[in-house]
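**Q** Sequence:
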Amino acid sequence: MSRLVDLRFGLVLVAVVEAAYALIGLLPPSLLGKVTGWDLSPDGQWVARLLAVALASQALVAWVLRHRPHRGVAGCLAFYQLASATVDWLVWLTIPGVFATTQAKVGVLVAIPTHYLIGLLLILGIRVSRGHDTTHQM
Numbered sequence: 001m002s003r004l005v006d007l008r009f010g011l012v013l014v015a016v017v018e019a020a021y022a023l024i025g026l027l028p029p030s031l032l033g034k035v036t037g038w039d040l041s042p043d044g045q046w047v048a049r050l051l052a053v054a055l056a057s058q059a060l061v062a063w064v065l066r067h068r069p070h071r072g073v074a075g076c077l078a079f080y081q082l083a084s085a086t087v088d089w090l091v092w093l094t095i096p097g098v099f100a101t102t103q104a105k106v107g108v109l110v111a112i113p114t115h116y117l118i119g120l121l122l123i124l125g126i127r128v129s130r131g132h133d134t135t136h137q138m
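In terms of full-length UniProt numbering, the sequence shown is residues 1 to 138.
If you are wondering where the hints come from, they were derived from the structure by calculation, not from laboratory data.
Check before you lean on any hint, since a few could be wrong.
[Unchecked claim] Using C-beta positions, here's what the derived DEER-type ranges look like:
1) 60 - 83: 26 to 36 angstroms
2) 87 - 131: 26 to 36 angstroms
3) 30 - 109: 23 to 33 angstroms
4) 42 - 130: 41 to 51 angstroms
5) 93 - 114: 11 to 21 angstroms
6) 44 - 127: 32 to 42 angstroms
7) 35 - 130: 18 to 28 angstroms
8) 51 - 12: 16 to 26 angstroms
9) 43 - 70: 34 to 44 angstroms
10) 34 - 72: 34 to 44 angstroms
11) 67 - 98: 37 to 47 angstroms
Being a predicted model, the structure only gives us computed values, none of them experimental.
Where a beta carbon is used, it is the ideal one built from N, C-alpha and C, also for glycine.
Can you build the whole structure from these sequences, using the hints too?
**A** Rendered as structure tokens:
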């Protein structure tokens with residue numbers, strides 16, 4: 001259990017998951033819908049690319065800080081994980097026809113608990129790291 005709440009592990013987890021999402025978001029338009037089940041307009045394709053770059057940036061920050069995590073950055077990453085999972089289920093409940101395909105439903109059903117779990121692990125890691133020399137504070 002202690003490995004799961006180690007912030008170094010948490011940041012590697014964030015880096016891997018968000019890099020995977022970024023790569024998916026950068027797929028060519030002809031493949032993105034087939035892989036994700038999303039039905040995106042040209043504007044939606046553009047927004048997917050912008051979000052992919054933001055996720056790649058998040059992955060890069062987590063990767064760079066993985067050996068010497070900063071609790072403040074880990075807190076920001078935890079907030080994103082919890083907020084993104086919450087937005088996913090709120091959107092699913094309030095926007096008719098969203099996540100309409102099987103792939104999209106499976107994707108969101110995997111994403112919601114995954115993001116909540118990563119966020120929780122980061123929060124626990126922050127709490128456990130207090131008083132340890134494995135984290136860096138400015």
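**Q** The structure should be examined with respect to each hint, and the outcome stated for every one.
**A** Hint check:
Between residue 60 and residue 83 the C-beta distance comes to about 20 angstroms, which lies outside the given range of 26 to 36 angstroms. Checking the proposed 26 to 36 angstroms range against residue 87 and residue 131 shows it holds: the Cβ atoms sit about 34 angstroms from each other. Judged by the Cβ atoms, the range 23 to 33 angstroms given for residue 30 and residue 109 holds: they are separated by roughly 25 angstroms. At roughly 48 angstroms, the beta carbons of residue 42 and residue 130 sit within the given window of 41 to 51 angstroms.
A hinted range of 11 to 21 angstroms for the beta carbons of residue 93 and residue 114 is consistent with their spacing of about 19 angstroms. The given range of 32 to 42 angstroms is respected by residue 44 and residue 127, whose C-beta atoms sit roughly 38 angstroms from each other. Taking the beta carbon of each, residue 35 and residue 130 are about 41 angstroms apart, not inside 18 to 28 angstroms as hinted. A beta carbon spacing of about 22 angstroms between residue 51 and residue 12 agrees with the range 16 to 26 angstroms that was offered as a hint.
A hinted range of 34 to 44 angstroms holds for the C-beta pair residue 43 and residue 70, which are about 36 angstroms apart. Range check, residue 34 to residue 72: Cβ separation about 39 angstroms, and the 34 to 44 angstroms hint holds. Taking 37 to 47 angstroms as the suggested C-beta distance range, the pair residue 67 and residue 98 conforms, at roughly 39 angstroms.
The structure is inconsistent with the numbered hints 1 and 7, although it conforms to all the rest.
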